[in-house]
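Undergrad: The residues making up each chain are set out below.
Protein chains: 2
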Amino acid sequence: VTTAARGRRPGSPDTRAAILGAARALFATGGVSGTSVRAIAAKAGVDPALVHHYFGTKDDLFVAALALPVDPREVLGRVAEEGPDGAGERLVRTFLSVWDDPDLQLPLLALARSLLDPSGRELLRDGFLEVVLGPLGDALGIDEPELRMRLVASQVLGLIMMRYLLAAEPLASMPAEGIVAVYGPTLQRYLTGPLPQDVLPR
Amino acid sequence: VTTAARGRRPGSPDTRAAILGAARALFATGGVSGTSVRAIAAKAGVDPALVHHYFGTKDDLFVAALALPVDPREVLGRVAEEGPDGAGERLVRTFLSVWDDPDLQLPLLALARSLLDPSGRELLRDGFLEVVLGPLGDALGIDEPELRMRLVASQVLGLIMMRYLLAAEPLASMPAEGIVAVYGPTLQRYLTGPLPQDVLPR
Numbered sequence: 035v036t037t038a039a040r041g042r043r044p045g046s047p048d049t050r051a052a053i054l055g056a057a058r059a060l061f062a063t064g065g066v067s068g069t070s071v072r073a074i075a076a077k078a079g080v081d082p083a084l085v086h087h088y089f090g091t092k093d094d095l096f097v098a099a100l101a102l103p104v105d106p107r108e109v110l111g112r113v114a115e116e117g118p119d120g121a122g123e124r125l126v127r128t129f130l131s132v133w134d135d136p137d138l139q140l141p142l143l144a145l146a147r148s149l150l151d152p153s154g155r156e157l158l159r160d161g162f163l164e165v166v167l168g169p170l171g172d173a174l175g176i177d178e179p180e181l182r183m184r185l186v187a188s189q190v191l192g193l194i195m196m197r198y199l200l201a202a203e204p205l206a207s208m209p210a211e212g213i214v215a216v217y218g219p220t221l222q223r224y225l226t227g228p229l230p231q232d233v234l235p236r
Numbered sequence: 035v036t037t038a039a040r041g042r043r044p045g046s047p048d049t050r051a052a053i054l055g056a057a058r059a060l061f062a063t064g065g066v067s068g069t070s071v072r073a074i075a076a077k078a079g080v081d082p083a084l085v086h087h088y089f090g091t092k093d094d095l096f097v098a099a100l101a102l103p104v105d106p107r108e109v110l111g112r113v114a115e116e117g118p119d120g121a122g123e124r125l126v127r128t129f130l131s132v133w134d135d136p137d138l139q140l141p142l143l144a145l146a147r148s149l150l151d152p153s154g155r156e157l158l159r160d161g162f163l164e165v166v167l168g169p170l171g172d173a174l175g176i177d178e179p180e181l182r183m184r185l186v187a188s189q190v191l192g193l194i195m196m197r198y199l200l201a202a203e204p205l206a207s208m209p210a211e212g213i214v215a216v217y218g219p220t221l222q223r224y225l226t227g228p229l230p231q232d233v234l235p236r
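Taken in sequence, the protein lines are chains U and X. Residue numbers for the first sequence follow this note's numbering, so the first one is 35 and each next one is one higher. Residue numbers for the second sequence follow this note's numbering, so the first one is 35 and each next one is one higher.
Everything labelled a hint here was simulated from the structure, so no lab data went into it. Idealized CB from N, CA, C, for every residue including glycine. Hints should not be assumed to be uniformly reliable.
Interface residues of chain X toward chain U, partial, derived using beta-carbon atoms under 7 Å [as the list claims (entries may be wrong)]:
#: 1; residue: G90
#: 2; residue: T91
#: 3; residue: R159
#: 4; residue: M196
Some chain X residues well away from chain U (every beta-carbon gap over 10 Å; in silico) [to be verified]:
#: 5; residue: S70
#: 6; residue: R72
#: 7; residue: P82
#: 8; residue: L84
#: 9; residue: E108
#: 10; residue: V132
#: 11; residue: P136
#: 12; residue: L163
#: 13; residue: P169
#: 14; residue: E180
#: 15; residue: E203
#: 16; residue: E211
#: 17; residue: G212
#: 18; residue: V216
Below, in silico cross-link-like pairs of lysine to any residue (SDA-like), each with a Cα-Cα straight-line distance of 25 Å or less [claimed, not checked]:
#: 19; chain 1: U; residue 1: K92; chain 2: X; residue 2: A201
#: 20; chain 1: X; residue 1: K77; chain 2: X; residue 2: G120
#: 21; chain 1: X; residue 1: K77; chain 2: X; residue 2: D94
#: 22; chain 1: U; residue 1: K92; chain 2: U; residue 2: D134
#: 23; chain 1: U; residue 1: K92; chain 2: U; residue 2: A62
#: 24; chain 1: X; residue 1: K92; chain 2: U; residue 2: A201
#: 25; chain 1: U; residue 1: K92; chain 2: U; residue 2: P47
#: 26; chain 1: X; residue 1: K77; chain 2: X; residue 2: S148
#: 27; chain 1: X; residue 1: K92; chain 2: U; residue 2: E203
#: 28; chain 1: X; residue 1: K92; chain 2: X; residue 2: A51
#: 29; chain 1: X; residue 1: K92; chain 2: X; residue 2: A201
#: 30; chain 1: U; residue 1: K92; chain 2: X; residue 2: E203
So that you can see chain U by itself, here it is in the shape it has in the complex (with noise of 0.2 Å):
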């Protein structure tokens, strides 16, 4: 937001939570792509601009609808200033510092639980996997980013799934050292390792 709008209060909170509770509506049943701010606005009863105003691009609203502890985009950018060398390692340790921090897991913990449930899978789809993961892929400069970027996403689900959704163990009270240790090599793989190129997609 502008330095104009700084001085300010941050809108209505009425205003605000309309336009997120209309945001969030549209982006579960028509995903991200689906959805336009004219939309959202419409639906909220406000003005497109003051969409914008208040939060910036459509995806920032998406990232702002899902109420994160942390802006994902932030702490993963932090992960691909340093090019994809590591960035398998780098990826995972940034991941367990934000789900390993107990102040952080309930919400990040509510939120998996609801992109999981039926009605959430559209925005776990069109929304997380583009708006969050697309531009860590592009940052990374990395070839064949989409496909590389779902590879990373199946197997940081299926952890996800098994270390604090079910808290399987030995997964579930395995220190982060040894979290990193699995499982970044697998990610770097993805990142960086070959792929089948004959069978490749288009």
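Given the structure of chain U, go ahead and fit chain X onto it with the hints provided.
TA: The following block gives chain X in isolation, referenced to the frame of chain U:
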């Protein structure tokens, strides 16, 4: 079930349905290890011997209660027969031969959805991981079978999420051989690769 049982009808449909219903309810709340055949029989209003007569062991009853289109223990048993070498690739190939089969996919998706549901998580953790994956780890004769099979489960669960439940492209329509090429080495490393000894539990 014994030869004696083969000659007659497999029990009254009402009795079988009552046992399966009682088993599903008790497994879902107490898990497999926390549920006795005696408790299931009591809830169904039958003699425990009848439960064993119709369904075999408690593990057999658990698999019957899942109402799967195939017995996963048989399918996975064939993976174990050839030993740990190449088991990662064979496991992915076997998994896909079942999950990519259009006749089997709908019931499997229904099961996956119910296991991912909060009320099904006890079944997934305490039932599926123990009853189905546990024996595979033992049959393969690998060290740390519990940890290794949970690593395998963490990747397979994420693959199920991405390819089947979310149908996220390009994973959803990637040919089976591509999935084998990408995930086979991951599962092989989880089954037989080095483990971070200094951070292992115990």
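Undergrad: Now, for every hint given, state plainly whether the structure supports it.
TA: Verification of the hints:
no.	hint	result
1	G90	violated, 26 Å
2	T91	violated, 23 Å
3	R159	holds, 4 Å
4	M196	holds, 4 Å
5	S70	holds, 22 Å
6	R72	holds, 27 Å
7	P82	holds, 30 Å
8	L84	holds, 33 Å
9	E108	holds, 24 Å
10	V132	holds, 18 Å
11	P136	holds, 20 Å
12	L163	violated, 6 Å
13	P169	holds, 17 Å
14	E180	violated, 7 Å
15	E203	violated, 7 Å
16	E211	violated, 5 Å
17	G212	violated, 3 Å
18	V216	violated, 6 Å
19	U:K92 with X:A201	holds, 24 Å
20	X:K77 with X:G120	violated, 45 Å
21	X:K77 with X:D94	holds, 18 Å
22	U:K92 with U:D134	violated, 29 Å
23	U:K92 with U:A62	holds, 14 Å
24	X:K92 with U:A201	holds, 24 Å
25	U:K92 with U:P47	holds, 19 Å
26	X:K77 with X:S148	holds, 22 Å
27	X:K92 with U:E203	holds, 22 Å
28	X:K92 with X:A51	holds, 16 Å
29	X:K92 with X:A201	violated, 34 Å
30	U:K92 with X:E203	holds, 22 Å
When the structure is compared with the earlier hints, violations turn up for hints 1, 2, 12, 14, 15, 16, 17, 18, 20, 22 and 29 and for no others.
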